[in-house]
Amino acid sequence: MAALSPLSVALLVAVTVGLSGAILAWRERPEPGATWLAVLLAGQVWWATFLVFELEATTLPAKALWYDVQWVGVVAIPIGWLFFALAYTGYDRYVTPFSVALVSLLPAATVAVAAAGDPGNLLAVDRVVRETAVGTFLDVVPGPLYYVIAGYTYLLGVAGSVPLVQLIRDDAQPFRGQSAALLVGTAAPWAGNLAYLSGALPIPGLDPTPLVFVVSGVAYLLALSRFRLLTLAPAPRRRARQLVFEQLHDPVFVVGTEGLLVDLNESAAETFGTDRHAAIGRSAAAVVPRYDAVSDLDADGEKPRAIPIVGRDGQRPYEATVRDVVDDHDRTTARVISFHDVGAYLGQQQRLNVLNRVFRHDVRTETNLIQGYAEQLRSDPTDERALSVIEKSADRMLELSERTRTAGELFDPTEEPESAPLPRVVDEAVADARSIDSDARFDIGEIPCVSVPIVLRVVLENLCSNAVRHNDADAPWVRIDAAVEGDWVEVTVADDGPGIDPAEYDVLNRGSETPLRHGSGIGLWIVKWGVDHLGGRISFAEREPRGTVVTVSVPVDRSRPSDPGAEDDAPDSPVDESASVDESASVDESASGDETGPSDAAPGAGR
Amino acid sequence: MANERTRPSTPDGTTAGYRSQATAPDPGRLRQLAAFAAGAPFAALVAAVEVALVTAALGVPRSTAPVAVGLVAFAVYAADHVADAEADAGSTPSRARVALRYGDQLMTVAAVCYGLAVALAVGAGPAALALVLVPGAVWIGYATDWLPTAGDLVAPLGGASVPRLKDVFLLNSAAVALAWAVAVVAAPLAFAGVPVGAVGTPTVGLLFGYVALRSFVDVEVPNVRDVAADAARGVTTLPVAYGTAGTRRVLLGVDAVAAGLLGAAAATGAVSGAPLVALAVGLAVSVAVTALVDRLGNAALGVAPDCSYLVAAAALLALGW
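Residue numbers (our numbering), protein chains in the order written: chain Y, 1 to 607; chain L, 1 to 321.
The following block holds chain Y by itself, in its conformation from the complex (with noise of 0.2 angstroms):
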């Protein structure tokens, strides 16, 4: 066999380099653009393969056939490229079977046109063999067709190149090499292709792109190796981050710098209740909650607060987080307002907060009175007094001890919730309450049959054993009433008693206590945490002439069977009614003399 001429010889280079390189992308499949960058490589492995025949044949016959054979791998190459470039870079959805036939239309009409002989001279005006010293090559007089096909090539490449330029400016050095290789790869072609349409080339009539395949071969080994091109490939990343955005627990709004919602993820519109797609376009005002208070907030790390929202699960704090969308020319385009449901966390640092106050001063307290009269009785045994006074401090220690027990339960994390009607609920909680003092008197109004959650229990027990253990009447009086509103249950507890001392509402607004502001007892409490667990809010208000009024608020458990108007709705969302959110608070929030909470009641609730 003859010896092959130089430019033979650097194809071969190409063809081994470039065959490696479809092999290699062929076997990461399924990775994204793996299938199309093995197309792209082999169109150049083909076309490089059939330019050695056309420059080894002798005849002119047989180079214009081995010619037209090149024009498969022509076509491939830009082809390929924009499906990888698209694939690779996570724009997948416009890589569809009905995309690749309608891209594929005109390279595959100009197959035909090859494959048919060039009728018309659509791909070649004229064809002469022309002997150089680097070997003997058809020089080919450009048709129509090929003019046309080389700008569409010309258009998928640019196209192609637009999602890999974007990398080249990523955070991430793996993607900036991985585009740079690939961009090197894919422009020196079109630089020869360019000097060769341009007449640049001191041999005249020499397409020189197969030859540059050589460096568009090691640039895409270099990218498959080195940068692990295939393995490491950025698709998955636009997907994912749409995903966390999607599942994220936390409710997310996007508001563009016009007020009006851009955006909102599933959490967001799950939690208050909210449409998606009516949601969008709207005002931000009008559809995340308590806007007016979240809106001030400093996007530049002011530390959030805990901000009281009705949502779905009832009444909840949550902590408001607002960033800026900033764009590549330091522009503000949109906020986002991020909700964190912090309940569980104030829960229990309150809960940890008090158990200490409870272990460091009360139980301490009642230990040194114990002492004390130990003391007394050691040096007069016959002291009924200090005996009786030991006797009623262990009582409390133990009371003590049952209500922290109480505590305990009420948030323990692995009991399913369960659900009864009110009024067993409030026969329960009343016949405890009436185990303190039978002289106590209960009178009970008409409780409507709603399914509500048994933590109501707990609370109304506190309620009322507390209206009954503190009352200095002969026999004290307790009225429970209560009524429904939209999806929200109103009870109400009165007694005749002294009333309740302001400083017990002030240590539960504030949340905390201190070693010199503190409750005196964890029977309030219990009141609190079980209503803030049940999402729902409380009030207190003097009675006259005498006593206490407390309402409790929790939202209805329509998941159940005993409420015969149950409905899958949630509660009412600030989205419908925004004004009365924005006017109610938490117990958290309002401190205004002797009421805790707001003076509204939970939304829809009315009084």
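Just so you know, the hints here were simulated from the structure itself, not pulled from any lab data. Possibly wrong hints are sitting among the right ones.
Stated by the list, open to error - Simulated coverage check for chain Y against chain L, where a stretch passes if three residues somewhere in it have a Cβ under 8 angstroms from a Cβ of chain L:
#1 71–83
#2 238–244
As the list claims (entries may be wrong) - Per label pair, the in silico range of CB-to-CB distance:
#3 Y:133 <-> L:127: 27 to 35 angstroms
#4 Y:231 <-> L:284: 32 to 40 angstroms
#5 L:41 <-> Y:58: 36 to 44 angstroms
#6 L:234 <-> Y:231: 28 to 36 angstroms
#7 Y:109 <-> L:234: 29 to 37 angstroms
#8 L:202 <-> Y:3: 31 to 39 angstroms
#9 L:241 <-> Y:119: 56 to 64 angstroms
#10 Y:133 <-> L:104: 40 to 48 angstroms
To be verified - To give a feel for the contact side, a few chain L residues facing chain Y, derived at Cβ under 8 angstroms:
#11 111
#12 115
#13 118
Backbone N, C-alpha and C define an ideal beta-carbon position, used for all residues, glycine too.
For this one, chain Y is given, so just place chain L on it according to the hints.
This is chain L only, laid out in the frame that chain Y set:
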């Protein structure tokens, strides 16, 4: 290995010493190297020698065919070892460990080797290119799921599904043997640019048959070693179907047919002289290996059949070719 810092040697921590560790040759690494060399590189060497033997037997001018076929053999075997590394862990644990640990590197080298082989074939012309693509195409059908997938496309509503070629009894070995016979016999002709007619169809036909039969034996002998793994995977081979003794009888029969072809070549003058003697020596070694198939160790079973070609090549060189 770099120096490794030691813990302070005194309780108060005042002495922070350094301990120098001498690096002894790692016998495990040497074993891995040997296992690797006995895999794809050895197969490549044998394939190249095989082509050189057939080149001599055909009497055609020397070409790049042995190199190209050797490169293809390396690529195909290396890729196959990587693809089946987990399944091969039972039969060839050392080679499987190498394939698992250096899978990416082996595949890169295999890809470059195949690319180089194709480039050599392109330089030799269209016929050589087509030939070099044959083993690669067969390997794709042999080791991948293309065939079942294609079968499902043809008959998607059920019926008999098309199994992986690697799992079809006898056809698997026969396909490999035929592919290699095509490549080994036709490559010297294609790479040298010599038409079949110039050599003589009987010569080419007899050599093709000889190489195909020998390749079949070469494929089935290592299956004696792999019998447990193949049975576990549900792959039927001669040893799985007929046991070791039955396999020996079948393979000796195949060798006998190969001997008959060689005799016919000698009788007709299709092959003569030193190449004929070399091929006969190779056949004799193959018969010996087949006869000892139940006495050879696992490692020997993997390389012994192919060693027959090396012995034949040595004989050829010794005879002054």
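Against the structure, the hints:
By the rule of at least three residues with a Cβ nearer than 8 angstroms to a Cβ of chain L, the coverage given for the region 71–83 of chain Y is violated, with 0 such residues. Only residues whose C-beta sits within less than 8 angstroms of a C-beta in chain L count toward coverage, and the region 238–244 of chain Y has 0 of them, not enough to reach three; the restraint is violated. At about 28 angstroms, the CB distance of residue 133 (chain Y) to residue 127 (chain L) agrees with the hint of 27 to 35 angstroms. Distance hint check: the CB atoms of residue 231 (chain Y) and residue 284 (chain L) are about 49 angstroms apart, inconsistent with the given range 32 to 40 angstroms.
Taken as a hint, the range 36 to 44 angstroms holds for the pair residue 41 (chain L) and residue 58 (chain Y), whose Cβ atoms sit roughly 39 angstroms apart. Restraint check, residue 234 (chain L) to residue 231 (chain Y): a C-beta distance of roughly 31 angstroms satisfies the suggested window 28 to 36 angstroms. Distance hint check: the CB atoms of residue 109 (chain Y) and residue 234 (chain L) are about 48 angstroms apart, inconsistent with the given range 29 to 37 angstroms. A C-beta distance of roughly 33 angstroms is found between residue 202 (chain L) and residue 3 (chain Y), which places it inside the suggested range of 31 to 39 angstroms.
Between residue 241 (chain L) and residue 119 (chain Y) the beta carbon distance is about 58 angstroms. The supplied range of 56 to 64 angstroms therefore holds. The given range of 40 to 48 angstroms is respected by residue 133 (chain Y) and residue 104 (chain L), whose C-beta atoms sit roughly 42 angstroms from each other. Here the hint on residue 111 (chain L) is kept, as its CB sits about 4 angstroms from the closest CB of chain Y, short of 8 angstroms. Taken as an interface hint, residue 115 (chain L) checks out: its beta carbon lies about 4 angstroms from the nearest beta carbon of chain Y, inside 8 angstroms.
Below 8 angstroms, beta-carbon pairs count as interface contacts, and residue 118 (chain L) has one with chain Y at about 5 angstroms; its hint therefore holds.
Hints 1, 2, 4, 7 from the list above are not met by this structure, while the remaining hints are.
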